[in-house]
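Participant: From the two separate chains plus the hints, produce the assembled complex.
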Amino acid sequence: MVCAQVETSPRRRWQKVLYERQPFPDNYVDQRFLEELRKNIHARQYQYWAVVFESGAVAQQLCSVCVFVVTWWYMDAGMLSPQRLFGAGLVSSLLGYILFNVIDAGVGRQESGRTWWADLKSTLVFIAFTYGFSPVLKTLTESISTDTIYAMSAFMLLGHLIFFDYGANAAIVSSTLSLNMAIFASVCLASRLPRSLHAFVMVTFAMQIFALWPMLQKKLKAQTPRCYVAVTMLFALAALVGLMTISSVGAVLFALLLLCISCLCPYCLIRLQLFKDNIHGPWDEAEIKEDLSRFLM
Amino acid sequence: MVLKVFFPSCCSSAESGILIGRWISEQNSAVILAVVHFPFIPAQVKQYLSEVQQVTKIKVSVLGSWSNSKQEKEESLSEFLEDLGTIFSHEPWIQISKERDSKFWSCSTLQKQSNSPKEEEIILVYYDQRKVMLSHLHPPLDTTPSTDHKANDASKLAAMFDTVANSKILFMTDRYDDGPIKLTHWQSDGVEASIIVELMKQASVPACMLLTFLLSLTSAICKRRMLKFWPLPFLWSKLSTCEQLGHRLQHLQVISSNKKAQNQIQLMRKANIFVSLLIDVALGILLMSWLYRKNRIGHLADTLIPVADHVAKELQDLLQWLMGAPAGLKMNRALDQVLGRFFLYHIHLWISYIHLMSPFIEMILWYVGLSACLGLTVALCILSDIIALLTFHIYCFYVYGASVLSLLRLYCLKIYGLSSLWRLFRGKKWNVLRQRVDSCSYDLDQLFIGTLLFTILLFLLPTTALYYLVFTLLRLLVVVVQGLIHLLVDLIDSLPLYSIILRLCRSYRLAAGVKFRVLEQKHGKPLRLLMQINPLSYGSVVQTYRLPTYSCYPKDSWTSLCKKLFFGELIYPWKHKGEKQD
Numbered sequence: 001m002v003c004a005q006v007e008t009s010p011r012r013r014w015q016k017v018l019y020e021r022q023p024f025p026d027n028y029v030d031q032r033f034l035e036e037l038r039k040n041i042h043a044r045q046y047q048y049w050a051v052v053f054e055s056g057a058v059a060q061q062l063c064s065v066c067v068f069v070v071t072w073w074y075m076d077a078g079m080l081s082p083q084r085l086f087g088a089g090l091v092s093s094l095l096g097y098i099l100f101n102v103i104d105a106g107v108g109r110q111e112s113g114r115t116w117w118a119d120l121k122s123t124l125v126f127i128a129f130t131y132g133f134s135p136v137l138k139t140l141t142e143s144i145s146t147d148t149i150y151a152m153s154a155f156m157l158l159g160h161l162i163f164f165d166y167g168a169n170a171a172i173v174s175s176t177l178s179l180n181m182a183i184f185a186s187v188c189l190a191s192r193l194p195r196s197l198h199a200f201v202m203v204t205f206a207m208q209i210f211a212l213w214p215m216l217q218k219k220l221k222a223q224t225p226r227c228y229v230a231v232t233m234l235f236a237l238a239a240l241v242g243l244m245t246i247s248s249v250g251a252v253l254f255a256l257l258l259l260c261i262s263c264l265c266p267y268c269l270i271r272l273q274l275f276k277d278n279i280h281g282p283w284d285e286a287e288i289k290e291d292l293s294r295f296l297m
Numbered sequence: 001m002v003l004k005v006f007f008p009s010c011c012s013s014a015e016s017g018i019l020i021g022r023w024i025s026e027q028n029s030a031v032i033l034a035v036v037h038f039p040f041i042p043a044q045v046k047q048y049l050s051e052v053q054q055v056t057k058i059k060v061s062v063l064g065s066w067s068n069s070k071q072e073k074e075e076s077l078s079e080f081l082e083d084l085g086t087i088f089s090h091e092p093w094i095q096i097s098k099e100r101d102s103k104f105w106s107c108s109t110l111q112k113q114s115n116s117p118k119e120e121e122i123i124l125v126y127y128d129q130r131k132v133m134l135s136h137l138h139p140p141l142d143t144t145p146s147t148d149h150k151a152n153d154a155s156k157l158a159a160m161f162d163t164v165a166n167s168k169i170l171f172m173t174d175r176y177d178d179g180p181i182k183l184t185h186w187q188s189d190g191v192e193a194s195i196i197v198e199l200m201k202q203a204s205v206p207a208c209m210l211l212t213f214l215l216s217l218t219s220a221i222c223k224r225r226m227l228k229f230w231p232l233p234f235l236w237s238k239l240s241t242c243e244q245l246g247h248r249l250q251h252l253q254v255i256s257s258n259k260k261a262q263n264q265i266q267l268m269r270k271a272n273i274f275v276s277l278l279i280d281v282a283l284g285i286l287l288m289s290w291l292y293r294k295n296r297i298g299h300l301a302d303t304l305i306p307v308a309d310h311v312a313k314e315l316q317d318l319l320q321w322l323m324g325a326p327a328g329l330k331m332n333r334a335l336d337q338v339l340g341r342f343f344l345y346h347i348h349l350w351i352s353y354i355h356l357m358s359p360f361i362e363m364i365l366w367y368v369g370l371s372a373c374l375g376l377t378v379a380l381c382i383l384s385d386i387i388a389l390l391t392f393h394i395y396c397f398y399v400y401g402a403s404v405l406s407l408l409r410l411y412c413l414k415i416y417g418l419s420s421l422w423r424l425f426r427g428k429k430w431n432v433l434r435q436r437v438d439s440c441s442y443d444l445d446q447l448f449i450g451t452l453l454f455t456i457l458l459f460l461l462p463t464t465a466l467y468y469l470v471f472t473l474l475r476l477l478v479v480v481v482q483g484l485i486h487l488l489v490d491l492i493d494s495l496p497l498y499s500i501i502l503r504l505c506r507s508y509r510l511a512a513g514v515k516f517r518v519l520e521q522k523h524g525k526p527l528r529l530l531m532q533i534n535p536l537s538y539g540s541v542v543q544t545y546r547l548p549t550y551s552c553y554p555k556d557s558w559t560s561l562c563k564k565l566f567f568g569e570l571i572y573p574w575k576h577k578g579e580k581q582d
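Going down the list, the sequences are from chains H and Z.
Under the numbering used here, the first residue of the first sequence carries the number 1, and numbering increases by one thereafter.
Under the numbering used here, the first residue of the second sequence carries the number 1, and numbering increases by one thereafter.
So here's chain Z without its partners, still in its complex pose (with noise of 0.2 Å):
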């Protein structure tokens, strides 16, 4: 079996000494963390190893030694480091020496026990220390059974990663310490730290407990009785801005707990949720410090009135057409008349509900702008909840045609009324219980009545249904509106930004895996590689750190909307019908 030494680059100009390491006996493979120089005291080396691993829990013993021999080679040196390997006494023995002018790097290992002078092929893996620690490997996603071989070959890779990263607290010292023995690894130069995250953290704990305690206040405000009564929690359920509140106030006790985070995944998660935020109030400032200026409140609210009115216009418009003949289609007139009429009055009321409103527009504006600070989303959820409201009259419009004017259900009992009644012209009739359609013999006033009601309903058919239609188009306009607003919302929610930026500017960060390239191959000598990581794909990185969002998507495929919608069934926005169906 071919021995892998997996050794840090940045040692590589270190000093001789003994190399420090994990030995993963399965894989047959040695990870080298550190280099120890020379002088030490074997037993205070050995104290400091058995310290290290009580805080990692990881194996940590001396592997091998090391020569890093400027001069010429010096017999005494080498049989030296041999006789070392009788003290610290670890199988195999790895020896590894570099010469000054060759860039080949001799190898060896020596096994004392079994005394087979067989030479066991080796692989020198070069690694970058510093980013194999600190990148998250991530399991690759898909775990068909074709890729069980790379799934074993992951989880080899991870027991190196995790060995690296776990050990952090060999990394922390430096060459200034006046410890008893010298280490060579990625931060032997110095510690990095930065001073403006120090401060941060050190800021960050108040801050959140000061959050903490503003959150807790807000959720018994929340929670308290008066607000439990019947119609409000209704109201609230359908008002989007409600909804997205409380998603942000989650988010908010999300990142101001003081439990650490847990793994990785939870660690990204509240860094996201905490960039999303971010991301988000600065969006919503900008808008606001936007709309602010220069009196564009004044404006919109000045341009608002026009535009409904117009809007109101060409509903008549629209409706004074379905009066007349619409397309050459034969409508009964009378009945005609009466829907026109009807929706003409309506129509009515509601431009005289937005005359009334006129002059507060512009202070209600002016206060739901203030809300803009609260975050974009919020902002935009306040649009739709508002177009939804100017809009009240065409969801008025569309339930009457689809289900409250003539019978209850205009058009979807229509349907299913005239579908019944068929059955019942033709003397048969629809069998629940074997699901089916039988025969059956009617009485005779049974007869009488269907058959009138079907002849009724059948020529007042057109009419009802082409009213449904144009409705439910202006409807289905002001749900897309709608959808796409609260498509927008779902990206800003669940969009892994800190995850992205991580990925764009320190790729290192994320692994998908690692790939290896061939630095020298000469015979006789080991090969050498040189690790590199493999940064995971975006796709990957917004699909495994997706935040989840309040909002489901329709469940529900085209051809199930097209039936709903010629049954006369009412759709709703899709957050809607995503509540209903759980």
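The following block holds chain H by itself, in its conformation from the complex (with noise of 0.2 Å):
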């Protein structure tokens, strides 16, 4: 029916508005329609290496917790004294203190206008504070089972894990809520420890590893590219050889991981490019490419 009228009436061309009365029923579709029809032009070509290089961050921040927790597991076992790690701690600090500043050229601190009192005076804050409450973490918890402590532990740490700021631009990054959700694990987990020093001293290395190190490492990368591979190598490395001391099937299921996220998934995702599949077209919602900055002003 549909052809024979078309047919009948091949005067009038078809028109895609819908203003104007046609001798064509509501659903036609006309030949010309999928001639609009565009694929997959958003998709990125991506380089293997490259993809491995950015996998680095994710491989990074599971190594600090993989670090804490063994850190954790030593202190709690008595194998690590708290002056060694407070000691190592403050070292290793001072070093990347020197690092940060000196990598950029101070570059980035005159940008950020920070002095060098501030970055004293936020260290004396977080030493006193946490020196100052130490007790109160050591008793904190000690109603509060082991198991649910572990759980709540292993939560936090995930959650940090999930929401931490690796450079995708997505809703669900918040580097606020995962270094806070790192701080909650860390004092839950210091509160196991046998007396209050520890707990400080673990408290204070838990804000090194999770506050100050992603920022130097940011740093790295960003200026030193092929550093920061070496950094990262050798990070992951003191990981794998810190947890092969306690479990060597940990170690190698650690290992296995670290692979698989920065050599099995970088292929994966190039693979599936393959098959990337994205049709565009005039159904589409509309997109305002126009820079609407100035009506907004």
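Any given hint could be a false lead.
Pairs of lysine to aspartate or glutamate, EDC-like flavour, derived with a Cα cap of 16 Å [said to hold, decoys possible]:
1. K221(H) - D165(H)
2. K221(H) - E54(H)
3. K121(H) - D445(Z)
4. K121(H) - D443(Z)
To be clear, the hints were calculated from the coordinates, so they are not data collected in a lab.
Facilitator: Quick look at the structure:
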């Protein structure tokens, strides 16, 4: 029927408008309809090694969590004295601080406008508060079962990994929440340690590894990518060795996980890009491409 | 239009004469106040009426004639009565005649100017003159638009009641007076009066003067500068006894003022205050006589110390329980121990204070008991104050729990702190200007301290919340007891006892309206109705004459109270809260 109608009145061309009465039925689709079909216009071509390089951030963070947990294990077992950990943390922090300032020749500091005095003040606040509260932290979770604490810490660390800012532009990313969850987990774990000095050192170490270390990493990555790769490898190796001393099975699993994340996942991503079949056409939602910032003033 | 004639029932057996009363032309009705007998001189009657009119400000005039024929109808009399209409020109001229045999009265009107012979329908309404004069008509309380018609009726009725009530002077002459005219009304057989009332009236004047003098002396002492220094007014405002005494002093001032009450409401208010004061004092003296017999004060003092000890023991047990693992809750042991020891020490202090007081308690109670002669309410207020003083430790616990202990406001700050720290935990903050939660980038040290505090507060919350809960419940118990006592005091203060007694014994004095009962109805004869007074219901008596009290009822509802409790704001007994809101 439709065909017959179209054949009987070929003199009028079909137009994609609603404001004119046309001799076509409502569900009529013209031949030219699919002319505007576009495929995969936003698809990007990834380079394998570039993806592996970027996945370093995820591996780094996993290693951070691993190192933190291993350190806590050592502290809990009494194999690592808090004084040594504090000393090591202090030395590495100072080194990191100098590196942080030197690596971009002070450009970043000038841009952010933070003074040395502000840094010192922040450090003092950290130390004073943590030291002052460490007896409280020690007795905080006495009556709560250890399993609950472990579960809560694991949950919080997982949350930290999920919400961490790896450089992707997504709604779920919240560096504040991520850091807070890490601090919460560290406070929970620190309260299980035998003495208040242990708790103090543990929380300080958590601040160093979860707050300061990623900042340094980010700068390293931006300034000297080669150095960053080396540091990542070293860090991962250190974490693996640390884990090996506790449990060899765990170390093997962790190594597999790291390999999977930094080698297998990029490969999968690039493979799967081939199957990408994204169609665009006039049926899409309207996209406003014009710069509207002048209206927002 | 129907012509209504209000006829006093006491005049139905009066001898023939003329009717005097007031003509209310808007309502087309006549209120007959009295009957003037034959013989009279018309000029004298007119003069008398003008005198009455000057005093009462009511337009009293001759309305018509009244014939009560005991014998056969006399033609001459009826003609004479019609002639009277020409002397006292009134429009219309009402003629009422009662025949001996029949129950029906005949009633007719004469319209001189309009010669139309149309018969106007007449309704005769009998009213009890005494009751109507003494009663006070209350306008309907609900003045919604739907009862507009009702309100109109009430104002019509009020005009009639006012007419009778204001013409008291007319009823002051009885038949033994040697005046030029003889009247029949409700007091014509003799004026009602009571010797006791007259004597009391005479005695009240010097008594009031004495009372006024004493009161001015008391208030002068109270207003001395010495008593206005800082801590004293604050202390007095917290003691309910002082408030009650001040309230009673005001009442006494109202009673003893030599100003005459301007209207019925003020008069009733004075009488209510007087009766409530009397009953209050009588109950107080009764209580006192009960207390001072058989050394009851001594027994009371002897039992008070063990009771206080017992309460302290219970509290200690409660604290011991809280210091363990109450109800299997996971409490922070260190904080638990600190709080428990602190409160135990507090109880210890309080017990030593009570034991220090114990030798004097009987004496104190003896002197305090004397205050019952000022009234039961004062005694109750003192009881409430004593309860407040004796449970001071509970109040202290509550205040510590809610406000003082760790960070000035332990629980309160905790809830507020936790909610804001929770926002910080998620990287948000409360925007005060826009009243919403915004995302915010915090500094590293802010984040760190915030999260540290959040963790600590979160883990300490169950402990503090439990302490707060237990002591809030104890506090609530005390507040409820005090509230009940205050409620009782309020009841005695505000109940209009005089009005209620009046309603009970002389129900016609407080009228809410009237009802009509049909006496006889026969074609050709006027309809006869009996007007009876509807007494005011007890509920509206209390509502109308309720005395104002000094204490305010809680204005906030249960939900807001619960909210306050949840956020750890301090709660007070009702009256303090009312003051604060003012």
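Participant: Within a Cα-Cα threshold of 16 Å, do K121(H) and D445(Z) meet the stated pairing?
Facilitator: This hinted pair holds, its Cα atoms lying about 9 Å apart.
Participant: Can the restraint linking K121(H) and D443(Z) be considered satisfied, given a maximum Cα separation of 16 Å?
Facilitator: This hinted pair holds, its Cα atoms lying about 12 Å apart.
Participant: Could you grab the alpha-carbon distance between K221(H) and E54(H) and see if it respects the 16 Å cut-off?
Facilitator: holds (9 Å)
Participant: Is the Cα-Cα distance between K221(H) and D165(H) 16 Å or less?
Facilitator: Holds. K221(H) to D165(H) sits at ~14 Å (cutoff 16 Å).
Taken one by one, the earlier hints all hold for this structure without exception.
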